[in-house]
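Now for the letters of each chain:
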Amino acid sequence: MLSLSIAARFLRKSPAQSILIAAGIAVGIGVQVFLGSLITSLQTSLVDQTIGNSPQLIVQATTAGASLDYTAGLQLAMKNESQITTVVPTRSFSAIFKKGADSAPLQLIGGQLTQLDTIYDISGHLTSGTAQLGAAEVMVGKDFAEANALKAGDIAAFVLPDGKPAKLTVSGIFDFGSAAANSTTAFVDGAYAAGVLGLGADQYTAVDAQVSNVFDSKTVAESLRAQPALSGLKVTEWQAANADLLSALKSQSSSSYMIQFFVLIAVALGIASTLAISAVQKTRQIGILKAMGMKDRESGRIFLWQAAILGVSGAAVGVGGGLVLIALFTFAGRNSTSLFPIHPQVGFVVISFVVGVLVAMVSSLIPSRRTSKLDPIEVIQGG
Amino acid sequence: MADVLLHAEDLGKTYGAVAKTVALTAVSFDLQGGEFASIIGQSGSGKSTLLNLIGLLDTPTTGRVVLNGHDTAAASRKQRATLRNDFIGFVFQFHYLLPEFSVLENVLMPGRIAGVSVADLRPRAEEVLALLGLEGLEGKGANDLSGGQKQRVAIARALMNRPALLLADEPTGNLDTVNTKAVYELFRKLNRELGTAFMIVTHDRSVAQQTDRILEVQDGRLLQDVRNSYIEAGPAAEAEPERGPAAGDVVPDEEPALEPETSSVEPPPSV
Ligand SMILES: Nc1ncnc2c1ncn2[C@@H]1O[C@H](COP(=O)(O)OP(=O)(O)OP(=O)(O)O)[C@@H](O)[C@H]1O
Ligand SMILES: [Mg+2]
Numbered sequence: 001m002l003s004l005s006i007a008a009r010f011l012r013k014s015p016a017q018s019i020l021i022a023a024g025i026a027v028g029i030g031v032q033v034f035l036g037s038l039i040t041s042l043q044t045s046l047v048d049q050t051i052g053n054s055p056q057l058i059v060q061a062t063t064a065g066a067s068l069d070y071t072a073g074l075q076l077a078m079k080n081e082s083q084i085t086t087v088v089p090t091r092s093f094s095a096i097f098k099k100g101a102d103s104a105p106l107q108l109i110g111g112q113l114t115q116l117d118t119i120y121d122i123s124g125h126l127t128s129g130t131a132q133l134g135a136a137e138v139m140v141g142k143d144f145a146e147a148n149a150l151k152a153g154d155i156a157a158f159v160l161p162d163g164k165p166a167k168l169t170v171s172g173i174f175d176f177g178s179a180a181a182n183s184t185t186a187f188v189d190g191a192y193a194a195g196v197l198g199l200g201a202d203q204y205t206a207v208d209a210q211v212s213n214v215f216d217s218k219t220v221a222e223s224l225r226a227q228p229a230l231s232g233l234k235v236t237e238w239q240a241a242n243a244d245l246l247s248a249l250k251s252q253s254s255s256s257y258m259i260q261f262f263v264l265i266a267v268a269l270g271i272a273s274t275l276a277i278s279a280v281q282k283t284r285q286i287g288i289l290k291a292m293g294m295k296d297r298e299s300g301r302i303f304l305w306q307a308a309i310l311g312v313s314g315a316a317v318g319v320g321g322g323l324v325l326i327a328l329f330t331f332a333g334r335n336s337t338s339l340f341p342i343h344p345q346v347g348f349v350v351i352s353f354v355v356g357v358l359v360a361m362v363s364s365l366i367p368s369r370r371t372s373k374l375d376p377i378e379v380i381q382g383g
Numbered sequence: 384m385a386d387v388l389l390h391a392e393d394l395g396k397t398y399g400a401v402a403k404t405v406a407l408t409a410v411s412f413d414l415q416g417g418e419f420a421s422i423i424g425q426s427g428s429g430k431s432t433l434l435n436l437i438g439l440l441d442t443p444t445t446g447r448v449v450l451n452g453h454d455t456a457a458a459s460r461k462q463r464a465t466l467r468n469d470f471i472g473f474v475f476q477f478h479y480l481l482p483e484f485s486v487l488e489n490v491l492m493p494g495r496i497a498g499v500s501v502a503d504l505r506p507r508a509e510e511v512l513a514l515l516g517l518e519g520l521e522g523k524g525a526n527d528l529s530g531g532q533k534q535r536v537a538i539a540r541a542l543m544n545r546p547a548l549l550l551a552d553e554p555t556g557n558l559d560t561v562n563t564k565a566v567y568e569l570f571r572k573l574n575r576e577l578g579t580a581f582m583i584v585t586h587d588r589s590v591a592q593q594t595d596r597i598l599e600v601q602d603g604r605l606l607q608d609v610r611n612s613y614i615e616a617g618p619a620a621e622a623e624p625e626r627g628p629a630a631g632d633v634v635p636d637e638e639p640a641l642e643p644e645t646s647s648v649e650p651p652p653s654v
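These protein sequences, in sequence, are chains A and G.
Note that this note's numbering has the first sequence beginning at 1, numbered continuously upward.
Note that this note's numbering has the second sequence beginning at 384, numbered continuously upward.
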């Protein structure tokens, strides 16, 4: 390819200009990779904090407060959804905590600790006491414990839904990282909850589930609703209840796309103007090449090749730089709990690279069109 | 007409759309393969315009150029580019070397444009470099040469694809007398040894006298088209009588100087 070797030579003979353009592309793509990965990781972290330790999908009886039978058919239907990773049947009720004149409402979720852990990971978030749920034990959240001066081992008094009093020992205190979850949710033993609610062995108030990709919860819910085993049951998923969060994520994404878009536009304009200048500088060379018989198309390709070379090298450096930034950011935040880790997405990095090369190529269209239109006589006559 | 390399017919060129400049009017002539011709005339008379038209660098406003049997009147830019690459070598007053490339790379360029690999072109490039006494300069940058050397590289490059026709527009305009003489001697040698036809634009009558045929242009018209006497019989001369008075080609018997009576060239009758 003659146009390629001429392009490479032109670039090599004006190193400052070439490095400038490649650096422009590198900065653009570096920002792209870093910002894109940052936003994605931020969102993953936000979503994780919001719903990571809670059911993303809940199957309940249609009438509020009614129980459902956890039948073999229902179990099978849930198991057959390949996206569902965890299924935990629970028995929940609300109770009122009493201490002297003070009282506080609390949602008690009953289940087997090992099973509950698969969704809520209570054991993993334990801050004091032991992770266990005996018959008359309760695990409460950090904020609830602090507000009511409870320590592990204390006995807490409750008024149950049917008005009867109950005393439960605080076995452990957990911290889900959210004040709301920490102060309104508590866990009790499943069998104990069955007793409080008057439920049989296969009767539950809800079946909680998690899905592998949280944003697929809608389609999984749709599919479950269509199952005969779930007729008469209600399937809710987290997105319906978190419209605010979702719209916040969406607007965050779109503002990030805007920034990335304008960065790319700026890069494209930079490349286009620099290449246009270079094309003007090479007018004489192009003219004489054409006088010697180079075809218009081949001459136009010189600048396309230049853009491709600059695009590939600039984008490669940009991707590398972006990844280094990510590594630095992650390194800086390794001991911090408020910072979240950034995970570079392979797909996104590849897309950024391709976009970088494409932007460079598109920016070269004007100079390469001008080059292919150049008439050799203009150069020969101009001397 | 078997040996007609270039047939120029009623060539006219008007520059500009609004302010029109008539640079060339009704120029017709034939050039045989291997001819050694010059174009002379005063500054602004249309010499370069004519050369650019027959070199397919520019398109005529009227008339047509037939190069080696290819009628270029309706040729596309691409076809004209291919014809230039195949048949024509150019040497201008300015050398137009590519400063980004070495001497050797510059010389290789027409061959590479033709799509031939560097390896296959190498022997030919070395041949023309040797022919022009440029051995040892292959690796030098095109800018690191003297004026005379640059012009010789430009000539070497023009010869690369073994053109049937070499067009030169004031090729020694930037050279001193020694180099000028050397270039014309070289042209003559190339013409004799390789059979390359030459059309050399010059305003120097003494240079023109050295060529076998002189086309004189005045105010855009072909004032006269004469042969210097010392070409005897050749394919070029043989072909002439058939063409009749239209081209006005006359072969003077003895005189190398231009004969006044051969000087008027009428526009050719429309055929
Ligand atoms: N691109 C152009 N636009 C307008 N007029 C032009 C153009 N090129 C040439 N001309 C005019 O055409 C006429 C012939 O020009 P040309 O360059 O052919 O002359 P020339 O014989 O080569 O002169 P010189 O010896 O000075 O090189 C001149 O009057 C010139 O001004
Ligand atoms: Mg001229």
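Treat the hints loosely; a few may be bogus.
Stated by the list, open to error - Some chain A residues judged to face chain G by a derived CB distance under 8 Å, without partners named:
id	residue
1	129
2	295
3	377
Simulated from the structure, these hints should not be mistaken for laboratory data.
Cβ coordinates follow ideal geometry from the N, Cα and C atoms, glycine included.
Status of the hint placing residue 295/A at chain G (closest C-beta pair under 8 Å): This hint holds: residue 295/A lies near chain G, its Cβ roughly 5 Å from the closest one there, short of 8 Å.
Proposed interface contact between residue 129/A and chain G, which counts if any beta carbon pair is under 8 Å: violated (77 Å)
Hint validity - residue 377/A Cβ closer than 8 Å to any chain G Cβ: Check passed: Cβ of residue 377/A comes within 5 Å of chain G, closer than 8 Å.
In summary, the one numbered hint that this structure violates is 1.
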